[in-house]
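Protein chains: 4
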Amino acid sequence: MIRTVVWNENVHEQKSQVVRDNYPDGIHGCIAKSLNASGKISATTATLQQENHGLTAQRLAETDVLLWWGHAAHGDVSDDVCDMVCDAVLSGMGIIFLHSAHFAKPFKKLLGTSCNLTWREAGERERLWTTAPNHPILDGVPHHFELENEEMYGEPFGVPEPLETILISWFEGGEAFRSGLTYKRGAGNIFYFRPGHETYPTFHHDTVQRILTNAVLWAHNPQQRIADVHDAPNVPIEKSLEPLTQRGAKLHREGEDGFR
Amino acid sequence: MIRTVVWNENVHEQKSQVVRDNYPDGIHGCIAKSLNASGKISATTATLQQENHGLTAQRLAETDVLLWWGHAAHGDVSDDVCDMVCDAVLSGMGIIFLHSAHFAKPFKKLLGTSCNLTWREAGERERLWTTAPNHPILDGVPHHFELENEEMYGEPFGVPEPLETILISWFEGGEAFRSGLTYKRGAGNIFYFRPGHETYPTFHHDTVQRILTNAVLWAHNPQQRIADVHDAPNVPIEKSLEPLTQRGAKLHREGEDGFR
Amino acid sequence: MIRTVVWNENVHEQKSQVVRDNYPDGIHGCIAKSLNASGKISATTATLQQENHGLTAQRLAETDVLLWWGHAAHGDVSDDVCDMVCDAVLSGMGIIFLHSAHFAKPFKKLLGTSCNLTWREAGERERLWTTAPNHPILDGVPHHFELENEEMYGEPFGVPEPLETILISWFEGGEAFRSGLTYKRGAGNIFYFRPGHETYPTFHHDTVQRILTNAVLWAHNPQQRIADVHDAPNVPIEKSLEPLTQRGAKLHREGEDGFR
Amino acid sequence: MIRTVVWNENVHEQKSQVVRDNYPDGIHGCIAKSLNASGKISATTATLQQENHGLTAQRLAETDVLLWWGHAAHGDVSDDVCDMVCDAVLSGMGIIFLHSAHFAKPFKKLLGTSCNLTWREAGERERLWTTAPNHPILDGVPHHFELENEEMYGEPFGVPEPLETILISWFEGGEAFRSGLTYKRGAGNIFYFRPGHETYPTFHHDTVQRILTNAVLWAHNPQQRIADVHDAPNVPIEKSLEPLTQRGAKLHREGEDGFR
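Residue numbers (the working numbering), protein chains in the order written: chain W, 1 to 260; chain V, 261 to 520; chain G, 521 to 780; chain D, 781 to 1040.
Errors might be hidden in some of the hints.
[As the list claims (entries may be wrong)] Covered by chain V, per the in silico footprint, the following chain D stretches (three or more residues, Cβ under 8 angstroms):
(1) 907-915
(2) 934-948
(3) 1014-1020
Source of the hints: derived by calculation from the structure; they are not laboratory data. No residue lacks a Cβ here, since even glycine has one placed at the ideal position from N, Cα and C.
Same shape as in the complex, but just chain W:
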């Protein structure tokens, strides 16, 4: 069982009746339920309002894959939690960023860019096209599928060139968008998935649920986590792999830590 945590800021669910109607158990509850139905994933949830946003170092160490949904409260996520999440990714935890999480702190930190885009909330039709058939994340996904009501996101999307572009979207209003992008940072697999606006029932959609389940399986790196992702050890001359004699000037004393 892949240990998975669905993180949600859980703000709109408290304030908006339409969001509550779509997701009576919260977006996090809806997604976790569908992941658990796969039989291969053991998903729990965490929310912004919990202590430490529900994400201790201990819990992250025991999380194989984290999903992240946020929108109205990106700024309320503490920098410490953001740093912990990013370090966990570098050490091997998979992470899936959903929709408006393009502006989430850990997304921006892991990618290093502004992650901006254009947008329109008109409930228009979105049709997603697969560009990488038989990619593990697209297992069982048809070449195209539709979401009758979605928010529009438009290019240019301010992200680095991905490892793979696996989905692109067509919007009723005339835009196109790169909607499924994979990255790797350190030992961690990253997937960005565009759909998922809170005012529409996107996370109840069969194909969306299938993609997220596939994405968790894909993002899971079963190897032991890297212990210290920031380690930059000195290799002493006397332990060099080939015979070596000190030459030239030296700044560091033998065994001294490097600068940071």
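For chain W, the structure is supplied; the task is to place chains V, G and D on it using the hints.
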């Protein structure tokens, strides 16, 4: 003329006689001089000790390419300057990170990873091999060249998979390393170049100077800078490119800014 | 001046009045004229019907960038010319494949995949979106532009993950497509540009002409061509860069050519 | 069980006593045995001398992952078998190219480049360094390991920029090389692994065996094969996903096949 700034923390030059002997005008002075000799580049310098580290928003707006050398004082670089530099890169400024700048704040911020590595200061031989012949940065560079004394950097190097790997190093003590890496972030071209330890005369080496000159020409994006790299504009329904009618529920009022 | 050849199979121009009306001087003539108008490019043309398809080894050696349009007669291109073109690309010639050249022999050979897609010839609206703002190929190109009548190409497009995806298309009939893709093979830069169906006046469109001019400038590698792209030289032990003594068994006699 | 075929040209085993001493059951037999020991792989073998080189369309359809070793007889592999193998890869079969298979027909066809390199057969020490820690292919592999006697391969290696560079080599004689490269072509995962010269016992080395076992698990795409990788279907107007009316001129009659 490509407007270039060579930034140097300029710390070891003040403290170490051997560094001062290698670089009487500072590492920044040595590099700027060699770039200016190309006839295509107009290089000036900036250092940590200057007000605002010598890097105002105005100066960055008028800089086509920035080179960055740092080692002992990464932590003394202000977060504000780091943010300004990264935004300038996203808007189209090229940037070249040299050697120990793998731990520089803007490098880590732009790449989003820990950028760690192993190291040994033994003055050993480094031999660099080109892996992308006829890459613009390698114009006139032989398939291999040697630096008789260099610090060793060893893999794994904690950076994202680059756009291109163009140089790899062989070290006398038995290590190998990816020494020339290109990235693009926003509209900005990024080059990481491994050699350049301050206790050796690396930046006086003909081929190193040639590579840095080539890299400045390559990194230069002559297009007008992107005005606001964080802009995420709403596209109103009435301005949609295809006919569109509002459907479904809405969270945002028309014309309202998006969440961040 | 960048020495450029616009290659066209020039078949529909002979058979179809509508194509002749769009391109009285042939697609090749129209494109060459617009490239020459840039003042930076010296473009000539070549067609399938000419001896050797107009492409001798000598001419390719003196060509900086080749553009390729083909559709009905891919199979009539000789394998020898295809091989010559591909070797020229590996040695440093830039190449731009236009529209239905996705099935051209050199495109398939350079990419190694089937390059298949879905299609519909309905004269529908295509809107192209830039996904890499300030990319050299997109200099002066707005974030989106429209072609009122184009053939539709649909995903999945059977090509390798590109170096960069710089344009994606929206189609009136509901499809989306990756329409501007960059690759590098050997020392040669490759650009695939989707629009350009012969029954529409696409190559008269200002923005299309601008993109093609930019693409020629981008694809141009000014360095000296690689002499023999297939060379795999033996490095004799006595010329090794570090001291080396023969150990273990040997299959090859010293100085012998390797197997192929 | 992952259905795996180890293909070997099996030429040196017949002619050279030293190769026979290293691999009494052939290189293919040695590799298949070690893969089978994993308990997750069911490996059989095929050789050049067998009818159709042991590779029928039926057998390839039932092969999850193919390993390929060749050296002296690349030219004896039939173009038909090469085409079948490449189509199988595009449809989803994984493939692992070993050592001198850098010049194998299917490797060159899938990558589209010359795949050349420099070489020296001196039995020198090779040390491989991992550049992508915790990559699935490197599960359980230390940051570096040594092969006391190997053939040297030197850069530049004439291959496209890979999806990932996961191993680089240090050679006693002074060269460095990108020794573990991943690619994806169509639905097929591709891994190139450098070591494996026939005059040395490389495929008996524990870490090499571990890497190859990992690589088979990684390359395996469990999804149903793509039926026709060359299919380029017309989408009729009356079946368009959005309402569409024929506009402009048409070259093709409705329902007609596209050109190739």
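Okay, the hints, checked on the actual structure:
1. Using a Cβ-Cβ cut-off of 8 angstroms, 6 residues of the stretch 907-915 of chain D lie near chain V, which meets the minimum of three, so the contact claim holds.
2. Note: the stretch 934-948 of chain D has 9 residues with beta-carbon separation from chain V under 8 angstroms; the three-residue rule is met and the coverage holds.
3. Requiring three or more residues with a Cβ within less than 8 angstroms of a Cβ of chain V, the coverage given for the stretch 1014-1020 of chain D is violated, as only 0 such residues are present.
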